[in-house]
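Engineer: Protein sequence lines, in the order shown, are assigned to chains A and B.
Going by my numbering, the first residue of the first sequence is number 3, and it counts up by one from there.
Going by my numbering, the first residue of the second sequence is number 3, and it counts up by one from there.
If you're looking for bench data, these hints aren't it; they were derived computationally from the structure.
Mixed in with the good hints, there may be bad ones.
Any copy, or any two copies together, can satisfy a pair, since identical chains are not distinguished.
Pairs of lysine to any residue, SDA-like flavour, derived with a Cα cap of 20 Å [said to hold, decoys possible]:
#: 1; residue 1: Lys-36; residue 2: Ser-348
#: 2; residue 1: Lys-36; residue 2: Thr-5
#: 3; residue 1: Lys-277; residue 2: Ala-396
#: 4; residue 1: Lys-36; residue 2: Trp-346
#: 5; residue 1: Lys-376; residue 2: Gly-299
Letter by letter, the chains look like this.
Protein chains: 2
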Amino acid sequence: MGTRIGVGLLGLGTVGGGVASILLNPQERHPLVKDLELVKVAVRDLKRPRPVALPDAMLTTDPAAVVNDPAVDVLVEVIGGIEPARSLILQAIDAGKSVVTANKAVIARHGTEIAAAAKAAGVYVLIEAAVGGGIPIIEPLKQSLGANRIDRVSGIINGTTNYILTRMAEEGAAYEAVLADAQRLGYAEADPAADVDGLDAADKIAILSTLAFGGPIDRSAIPTTGISALQGSDVDYARQLGYGVKLLAVAERLGKEGHDPLPLSLRVQPTLVPKDHPLAGVNGVNNAILVEGEPIGRVMFYGPGAGAGPTASAVVADILNIAGIRQASDSAGSVDPLLAADSWRSCVLDESGAIRQRHYVRFNTLDAPGVIGKVGGCFGECGVSIQSIVQFNASEAGAEIVVITHEVTERQVSDALQAITDLPEVSGLAAHLGCL
Amino acid sequence: MGTRIGVGLLGLGTVGGGVASILLNPQERHPLVKDLELVKVAVRDLKRPRPVALPDAMLTTDPAAVVNDPAVDVLVEVIGGIEPARSLILQAIDAGKSVVTANKAVIARHGTEIAAAAKAAGVYVLIEAAVGGGIPIIEPLKQSLGANRIDRVSGIINGTTNYILTRMAEEGAAYEAVLADAQRLGYAEADPAADVDGLDAADKIAILSTLAFGGPIDRSAIPTTGISALQGSDVDYARQLGYGVKLLAVAERLGKEGHDPLPLSLRVQPTLVPKDHPLAGVNGVNNAILVEGEPIGRVMFYGPGAGAGPTASAVVADILNIAGIRQASDSAGSVDPLLAADSWRSCVLDESGAIRQRHYVRFNTLDAPGVIGKVGGCFGECGVSIQSIVQFNASEAGAEIVVITHEVTERQVSDALQAITDLPEVSGLAAHLGCL
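With the sequences and hints as input, model every part of the structure.
Structural biologist: Below, the structure is given as C-alpha cells:
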C-alpha cells in the first residue's frame, strides 16, 4: 500500500455524508481505504449542520475550488442533476483527474460526451453508485461477465416505486394513499414524477444497456410507463392469478449475431411477475437486476437500491478501484479497457414492434353471454395466443375481463386490442401491462 | 486493444471445454476476448473425443509443457484435486505467469502458500470460478464491497445438495432415493461424499471467509454437517412450520472492532430458512450468496452454481481481468492490491461456543401429558428461549416434539439437550438443525 489518493467531494448531503464517513473511519474496511484522503469538499451552505464533522478549511462553497485543487486526484460528484454536474465532471477530466459519480441523469444523457473526454484524457469515470445503490452491478457488467454474449438485462431499479407497489400489494391500498404516505416517510420526493413516471428507471436501464451491449442508445426514445395510472384492482387480480406487479426496466437484444448496429428493445413498464420468479420476492426499497447471457445463463444481483450507506459503499468502491489500479501502473494515460468501458459497437432502438413479450389486459364489458368468446376470437384472429382469460366482478353494471397472453409482438397485440374495443359489448380497455 | 495474451489450459473436460469454446468464439463478447489466444492445452488422453476441435499441435499430455511454454502468459488450471494441481500452479507462478483456477480444494487448503508465492513473483492468482460457478462473488468481495466492514457471508454454495434438498421438499421423497436419481442424471458424483457431507461447501466458505475478513482460517477446523443424515420428516415438519431446509455455509465475525486475531465463526449445516427469506427461493442447482456489512446492509448474488458454461464464464472473466490490467500497466511486478487480495489481518476460528443462532430440534418422546411442559422447562432452566414447540405424530408408540429456539449460544443448547435427553419421557434426540 502507500500511495495516497486525494479525494475531492462535490456535495455533502445524504450520499456525500456517507462517503465522508467511510473515508474518515477506515478501520475494519479494506486497508486500501486508509490511503484515501478526503482533502476538499464543496457544500451549498457552510453554516448547515452536517452528518460528519469536517475541519472548516476543508469546506468551500466553490465547486471549482475542489475540481482544481492540486491535492485532489479523484473527484466525487454527488450533487446530482444535469448542470453544473456535467460541466464540473468535464473540467475534472480535462485536468487529468478520474471521476466517480452517482449521477444517473447526467450519465444517461451525457455519458457519450463524458466517456469521450475521459478516453482522450486517459482517466476513469466510474459509476457503480448510479444504478442499484450499493448493489455491485456496473462492475460485474464491465468485468465479471465480459466473457458472455449478454442477451437481456432486466430488473427492479427504482426503490420508490417498488416500495409503493409492495405496500399496494400487501395492504390492498390505492396508489394515491400509499404515495402520500411514502412522501411523509421520506421514501418519495415531494415531486415524485422522476420516480413514479419511470424516468429514473429509464435513465438507469439506458446506462445498463450501454454497458451490457457495448454502445449507447437514445435515452429519450425509451418507451416508458410509470405506475401513476396503475389501479389497485389490477394488483389484486394479478395476485389472484399468481403474479406480483413490479415496475420492470428491460433491455434486450433482438439480433443474436452480426448486426450492425445491433437492434435492441428497451422499455420501462409495470409488469406482472410470476410468484416463483426470482424478481417476485424483491420487496420494499430493494432493487434486483437479472442478467441473462451465453454461456452464463441467468444471474441476479439483489440488495438495497438506495440510501446513504449503500450508495456510499458503491462510491468508495469506485475510488478504491482507481487507487488499486494506480498501484499496478505508474504510466499515466494507460487505462484498463474493462474498467474504462468504452463503447465498442453501435446499438439502435428497434421501432418495428417486433419485440415479443406476454401482455396483461383488462376490459370493461357488458355482463352478457358470449363476451369472453368474442374477446377470445379477436385475439385468435390477430394470431395472439392466450394463456388465461378470466371474468371478474360480474354484476348488472357490467363485468371485467382479464386476459394474459402468451409471447406475441406489439403489433399483434395492438391489432387485437383495436378489434376488441370496437366490439359493442366492450366499453373500454381499462389496463394494459407487461407480463413475464 | 491489441496486446495479445497467450492462454495455456490444463484440462479439457467440462469446464476446460467451455473455456476453449469461449476463446475460439469471441464474437458478440467483450472485444478484449479477441486478444486472448489459446496456445497450449494439456489433456490426459490425446485420442479422446473433445467438445471443441483443436489443432493437434496445440494438445499435449505433459502439463509442464503448457506451464513452461514461453507463449503462455496466463495458466488456466481446471484439472481439479490437490496434486499435481498445486505443484503446477506454483511452477507457473515461479515462471512469472498469472494463474486462473476453478480449484476450490487446492485454494482452500494451500491458498496461503499460493498467495505468498504470487506476491513474491508479482503475479495474480484469480479464483472467480472456485465459488458459485458463474456468479460474480469473488470479485465483488475483493473490489466492489471493499469499502465495507463485512459482518457475515452466508449462502447456498453447493449445487448438488441444493438439487437433492429441492426435490426432497417438492416430492416428499427420501434422501437416498433422490441421491440415486441425482447420480443417474449426472447431478451427483458416483462418490458423492464431497458434496453430501458438506466438504465442498466447507472449502468454498473457507475461501469466501478469507476474502471477506482479510485473513485465512484453518480449513480443517470448520464444523461441517452434510445432508446424508437428514430425514424427510424434518423437511416436512419444517415446511409445515413455514421453513425450507437448505445446506447453508456461514462465516461471521464475532468481534465488531479491533480484535487481533479477529474471531470468526464458520460452519456448514442443514438449516431452516423462513419462506420469505431471499435464500428460501433458491432451488435446484442454483447457488446464492448473501453478504452483510456496514454500511451496505445486505446484498445477494444468485445464479447457476456449476456447469460448463457458467464456470467457463468466470474463468474467462479472470483472464480478461489480467489482460485488462496489463494494458494499464507496463511495469512488471506491480499488482493491483484489490485484485491480488493479499491477506491483511489474522483471523481465528472461535471455539468458545459463543456464537448465537436459532436451532431446530426434534425429540422422540412418550405421548404422555406434561412432556411438552417438561421439555420447555429444561430449555428455560438453561436460558434458552423458545419460539415454538409443536407435537407431531402422536400415537401409542410415542410422539415427536419439534422445538425452534430463539437465538442462543451453542453452550446453552447443548446443556438443554443433555437435560432433556435425560428425561425419562424422552427416548432420544432425533434431529438437530440450524435455523435462520
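Engineer: Against each hint, give a clear statement of whether it holds in the structure.
Structural biologist: Against the structure, the hints:
no. : hint              : in the structure
1   : Lys-36 x Ser-348  : between (41 Å within a copy, 18 Å between copies)
2   : Lys-36 x Thr-5    : within (10 Å within a copy, 33 Å between copies)
3   : Lys-277 x Ala-396 : neither (26 Å within a copy, 35 Å between copies)
4   : Lys-36 x Trp-346  : between (36 Å within a copy, 13 Å between copies)
5   : Lys-376 x Gly-299 : neither (40 Å within a copy, 52 Å between copies)
Violated hints for the displayed structure, listed by number in ascending order: 3 and 5.
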